[in-house]
Structure formats: structure tokens, C-alpha cells
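Trainee: One letter stands for each residue in the lines below.
There are 2 protein chains.
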Amino acid sequence: MSKILEKMRRYLKDQFYKKRIIVSYSGGIDSLLISILLSEVAEVLCIFIKTPYISNWALKNAVKNANQFNLKLKIINVDEIVENTENRCYYCKKMFYSILSNEKDVGEYDLIVDGTNYDDLFENRPGLKAKNEFKVRSPLAELKIRKKEIFEIANELNIPIPPKETCLLTRFEEGRKISINDLKKIEELEEFLRNYVKGAIRVRDHKNLVVIEIEDDLNDIINKKEEIIKKFKSYGFKKVCINLEGYKTY
Amino acid sequence: MSKILEKMRRYLKDQFYKKRIIVSYSGGIDSLLISILLSEVAEVLCIFIKTPYISNWALKNAVKNANQFNLKLKIINVDEIVENTENRCYYCKKMFYSILSNEKDVGEYDLIVDGTNYDDLFENRPGLKAKNEFKVRSPLAELKIRKKEIFEIANELNIPIPPKETCLLTRFEEGRKISINDLKKIEELEEFLRNYVKGAIRVRDHKNLVVIEIEDDLNDIINKKEEIIKKFKSYGFKKVCINLEGYKTY
Numbered sequence: 006m007s008k009i010l011e012k013m014r015r016y017l018k019d020q021f022y023k024k025r026i027i028v029s030y031s032g033g034i035d036s037l038l039i040s041i042l043l044s045e046v047a048e049v050l051c052i053f054i055k056t057p058y059i060s061n062w063a064l065k066n067a068v069k070n071a072n073q074f075n076l077k078l079k080i081i082n083v084d085e086i087v088e089n090t091e092n093r094c095y096y097c098k099k100m101f102y103s104i105l106s107n108e109k110d111v112g113e114y115d116l117i118v119d120g121t122n123y124d125d126l127f128e129n130r131p132g133l134k135a136k137n138e139f140k141v142r143s144p145l146a147e148l149k150i151r152k153k154e155i156f157e158i159a160n161e162l163n164i165p166i167p168p169k170e171t172c173l174l175t176r177f178e179e180g181r182k183i184s185i186n187d188l189k190k191i192e193e194l195e196e197f198l199r200n201y202v203k204g205a206i207r208v209r210d211h212k213n214l215v216v217i218e219i220e221d222d223l224n225d226i227i228n229k230k231e232e233i234i235k236k237f238k239s240y241g242f243k244k245v246c247i248n249l250e251g252y253k254t255y
Numbered sequence: 006m007s008k009i010l011e012k013m014r015r016y017l018k019d020q021f022y023k024k025r026i027i028v029s030y031s032g033g034i035d036s037l038l039i040s041i042l043l044s045e046v047a048e049v050l051c052i053f054i055k056t057p058y059i060s061n062w063a064l065k066n067a068v069k070n071a072n073q074f075n076l077k078l079k080i081i082n083v084d085e086i087v088e089n090t091e092n093r094c095y096y097c098k099k100m101f102y103s104i105l106s107n108e109k110d111v112g113e114y115d116l117i118v119d120g121t122n123y124d125d126l127f128e129n130r131p132g133l134k135a136k137n138e139f140k141v142r143s144p145l146a147e148l149k150i151r152k153k154e155i156f157e158i159a160n161e162l163n164i165p166i167p168p169k170e171t172c173l174l175t176r177f178e179e180g181r182k183i184s185i186n187d188l189k190k191i192e193e194l195e196e197f198l199r200n201y202v203k204g205a206i207r208v209r210d211h212k213n214l215v216v217i218e219i220e221d222d223l224n225d226i227i228n229k230k231e232e233i234i235k236k237f238k239s240y241g242f243k244k245v246c247i248n249l250e251g252y253k254t255y
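For the record, the sequence lines run as chains A and B.
Residue 6 is where the first sequence starts when you use my numbering, and the numbers rise one by one after that.
Residue 6 is where the second sequence starts when you use my numbering, and the numbers rise one by one after that.
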């Protein structure tokens with residue numbers, strides 16, 4: 006066992022032994038890893054909040070991972086779309102944590118934990134403010150564990166690393182009013198592209214113009230461009246582009 | 006000699022024999038062809054109007070073609086940028102034709118001719134209205150000669166067909182106010198891409214996002230993407246994309 010994993014297990018046992026914990030669970034590698042390790046020493050309920058701007062693909066992936074690692078999972082559906090402003094992550098997380106707080110009170114849990122890691126603390130993440138307001142604990146960040154180390158530990162524990170998924174609102178320009186149909190369109194097109202591409206996929210909607218971003222080889226798209234153009238045009242886009250740099254967060 | 010070329014020559018001789026004619030000349034295949042054929046029977050002065058939204062590449066190409074076919078060429082510089090509205094072609098052409106009208110009067114020419122062909126009449130071309138207001142004649146359209154036939158005649162006469170060039174304002178979204186610097190940026194980037202691509206090139210400026218459109222194989226871009234991304238980012242663009250369909254007018 007690597008030193009870092011040993012240190013983590015010691016810390017989690019020390020801090021959370023036999024506690025009843027709700028994990029804010031997205032199915033991504035961070036919350037998946039912390040759920041697995043916490044389950045070794047505590048009673049864990051993973052809660053996945055499904056909004057219209059979280060893809061069904063992300064939900065399916067979250068369920069699959071929870072099953073594979075015997076995690077107890079509760080899914081809560083929310084119909085609302087948070088306003089697409091600069092501060093949307095703050096308002097969304099606030100809504101998430103108030104739901105989790107309620108679950109905690111009703112189910113008599115001891116605390117809420119999430120998968121925030123040390124690197125996250127240095128990024129512009131308006132959601133962190135909401136987390137602090139709700140006293141959510143983040144053992145990965147507390148232990149100063151970085152993304153790179155999370156990948157190493159996941160590897161050591163044979164946890165498969167799911168492609169990075171983000172909120173579907175990131176596919177639209179800030180300030181634009183987003184409807185359920187806008188979200189469905191993007192979700193269906195990303196699902197369609199999974200026929201051709203394995204890694205992360207982002208379909209970014211600039212109204213008439215759409216930009217495809219992929220983590221893998223651009224030739225996966227170029228070689229199938231006729232089918233892809235046809236499909237995207239049937240969704241009303243006029244220009245179908247790919248980002249030369251592949252998948253990019255900005 | 007093909008029948009259609011024979012018919013053209015007969016018509017031009019019949020209509021324009023020994024006339025003194027100003028051709029509204031862009032260096033594109035249409036105005037080049039009509040200039041060459043008219044020169045066989047009439048006295049022709051080609052006039053190229055250089056605005057900030059006509060590329061230097063187009064000017065160079067126009068000069069080269071005029072020299073190759075012994076056409077008399079006059080270049081007139083205009084500093085103004087027409088307002089980038091839906092009707093910009095109308096206002097631009099109106100300005101063009103009033104300059105040519107003045108040249109006609111001062112130089113005592115008989116008429117103004119342009120390269121409008123029969124297909125052009127069926128497109129949405131606000132510039133045609135200006136043409137009619139100034140009584141400019143269009144022998145190619147009068148003879149119902151289509152673009153396809155123009156290529157055939159050019160071929161028969163060994164006239165090389167220059168890549169299709171359009172006004173640089175087509176690189177920007179309608180309604181956006183365009184500065185000389187905006188135009189220079191696009192022009193320099195298209196010039197840069199000519200290192201890698203032979204056919205038509207369009208660099209479309211969507212503020213933070215830029216879309217490259219090329220007529221030739223997309224791999225000409227993909228294979229050099231590192232250099233291209235670096236260059237475009239140095240011009241302030243954040244996302245550098247290519248249109249999967251290649252070069253597209255819409």
C-alpha cells in the first residue's frame with residue numbers, strides 16, 4: 006500500500022469512524038474515491054442530484070460505479086434549471102447542499118462530505134462558497150490531495166477513471182437563457198458522438214454555430230464527418246465545427 | 006472554338022465594337038473573362054476599387070491577371086468601411102458605381118460593364134439593385150451564361166481560375182462594427198494559412214472564437230494544428246475551430 010493511501014485511510018478512520026455520512030456524489034473520480042474509502046470505516050449514503058443540466062450519461066455512469074463498488078446510492082430528481090449567470094455554480098450548489106442538509110436531518114446522519122480536492126481550492130469555483138456555508142467536509146482537500154494523486158490512488162485500488170463530465174450549462178454562453186430543449190439537444194448530440202469517440206466530449210452551442218470538442222484524436226470526427234454534419238444539421242445548426250485544440254475548459 | 010464562345014464573341018462584337026468601356030474589375034474569373042473578351046473588340050479600362058475590406062491578396066491577384074492578359078488596369082483606393090448591415094453590398098456597390106460613373110464621365114467612356122453572370126441573378130445579391138440604378142451592363146448575364154460555362158470557356162482560353170475571393174466583411178457577423186484592425190487581423194491570418202492551404206480560405210471572426218474554413222483537405226490544417234493554434238492565439242482568439250464542411254457560404 007502506498008504511503009499516501011495509508012495516510013488517507015488513517016485520517017478517515019480517525020475522523021469518521023462509524024459515523025453516518027452523506028456523500029455528495031456525482032460519479033466522478035473524486036466523489037467515487039472518497040465514497041469507497043469512507044465506506045471502509047463509516048456508514049455511507051451517496052446522493053446523486055439529477056437536474057436537467059446533468060446528463061443522463063453522467064447518471065448512468067454514477068449508478069454503474071456505485072453498483073460496482075457496492076455503494077448505497079440515492080437519486081434525487083430536481084426539475085429546475087438554475088439561471089445561467091456567472092454565479093450559477095454557487096446557486097446550484099446552494100440548492101444541492103440544502104437538499105442534502107434536509108436528507109441529513111431527516112435520516113439522522115452525522116455530516117455531509119464531498120469530493121473537493123486540494124487543486125480545486127485554487128480554481129475559480131463559486132460552488133466552494135456554498136459548500137462552506139453548509140459546513141460540508143472535504144477530506145481530499147483537508148489532506149491536501151491533488152488530482153494527480155487521486156489518479157494514482159484510483160489506479161492502486163483498481164478504480165476505473167470515468168471520462169470527466171461537467172454540467173451541461175458549460176455548453177452555452179454565459180447569460181443565455183437555457184431551456185430544457187436546449188439541454189436535451191446537446192445531450193443527444195454528445196450521446197450520438199459516443200458512437201465515434203471514447204474520451205470526453207463537449208458539444209458547445211453558439212446558436213447557429215456548434216463546436217465539437219473531444220479529448221481523443223480529431224480524426225475520430227474527421228473520418229465520420231458526413232454522418233456527423235448530417236446529424237448536427239438535423240438539430241438546426243448551420244455550421245458544424247471542431248475545436249482544433251480538442252477538449253478545452255477555459 | 007466552342008459554340009458558346011463563338012456566340013459570346015459574336016454578341017460582344019455586335020454590341021460593343023470599338024466602344025470605350027470601363028470594366029468593374031475584381032480579378033475574379035467573371036470580370037477577368039469579360040475583360041479579356043471585350044478587349045478583342047473594344048477599348049477596355051479595368052478599374053479595381055481597393056477598400057479596406059478587399060484583401061491585398063485579391064488586389065495582387067487582380068494585378069497579376071491583368072498583366073498576364075495585357076489588360077489596362079487602374080486602381081482606386083477608398084479608405085472608408087461600409088456599415089456592416091444586411092444591405093452593405095447595396096451601399097458598397099452604389100459607392101463603387103458612383104466612382105466608376107465619375108471615371109466614365111471624366112475619361113469620356115461610353116459605358117460601364119461588369120462580370121455579373123446568369124446564376125448571380127438568382128442569388129440574394131443586394132448589389133444588383135445598385136448596378137441597375139447605374140445602368141451598368143452585364144454581358145455574361147445578358148447571354149444567360151452560367152458559372153459552369155464560364156469555367157469551361159476559361160478553360161478553353163487557358164485562363165487560370167483564381168481561388169474565389171469575397172469581401173472581408175463576410176468574415177464577421179452582421180451588425181458588428183468592424184474596424185481597420187479587425188480586417189487586418191483576418192487578412193494576416195488568411196495570408197498565414199496560405200502557407201499550408203492552396204484553395205479558398207476563410208477565417209471567420211466570432212470574437213473569442215474563430216472558425217477556419219478551407220476548400221481543400223482539412224488535413225492540411227489538422228497536420229499543422231500546433232503552429233496554427235499558436236499563431237491564432239497570438240492574435241487574441243481563445244478557441245480556434247475548423248468548419249467540418251470546409252468552405253461554406255451561407
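Worth flagging that the hints you see were computed from the coordinates, not collected in a lab.
Hints are supplied without guarantee of correctness; some may be wrong.
Derived lysine-lysine pairs resembling DSS-like cross-links, with alpha carbons at most 27 Å apart [unchecked claim]:
#, chain 1, residue 1, chain 2, residue 2
1, A, Lys212, B, Lys238
2, A, Lys203, B, Lys230
3, B, Lys109, B, Lys99
What follows is a list of derived Cβ distance ranges for each label pair [said to hold, decoys possible]:
#, chain 1, residue 1, chain 2, residue 2, range
4, A, Asp221, B, Met6, 43 to 49 Å
5, A, Asp221, B, Lys229, 16 to 22 Å
6, A, Thr171, B, Arg151, 46 to 52 Å
7, B, Met6, A, Arg181, 55 to 61 Å
8, B, Asn129, A, Gly241, 19 to 25 Å
It should be emphasised that the depicted structure is a prediction, and the values quoted were computed from it without experimental measurement.
Idealized CB from N, CA, C, for every residue including glycine.
Trainee: None of the hints should be skipped; say for each whether it holds.
Mentor: We went through each hint and held it up to the structure:
Between Lys212(A) and Lys238(B), the direct Cα distance comes to roughly 23 Å. Compliance with the 27 Å bound is thereby established for this hinted pair. Under the criterion of a C-alpha separation no larger than 27 Å, the hint pairing Lys203(A) with Lys230(B) is consistent with the structure, at around 21 Å. Pair hint Lys109(B) plus Lys99(B) holds up; C-alpha atoms about 15 Å apart against a cutoff of 27 Å. In this structure the supplied range 43 to 49 Å is violated for Asp221(A) paired with Met6(B), their Cβ-Cβ distance being about 56 Å.
A hinted range of 16 to 22 Å for the beta carbons of Asp221(A) and Lys229(B) is consistent with their spacing of about 19 Å. A hinted range of 46 to 52 Å for the beta carbons of Thr171(A) and Arg151(B) is consistent with their spacing of about 50 Å. Distance hint check for Met6(B) and Arg181(A): the Cβ-Cβ separation is about 59 Å, which falls inside the suggested range of 55 to 61 Å. In this structure the supplied range 19 to 25 Å holds for Asn129(B) paired with Gly241(A), their Cβ-Cβ distance being about 21 Å.
In this structure, only the earlier hint numbered 4 is contradicted, and the remaining ones agree with it.
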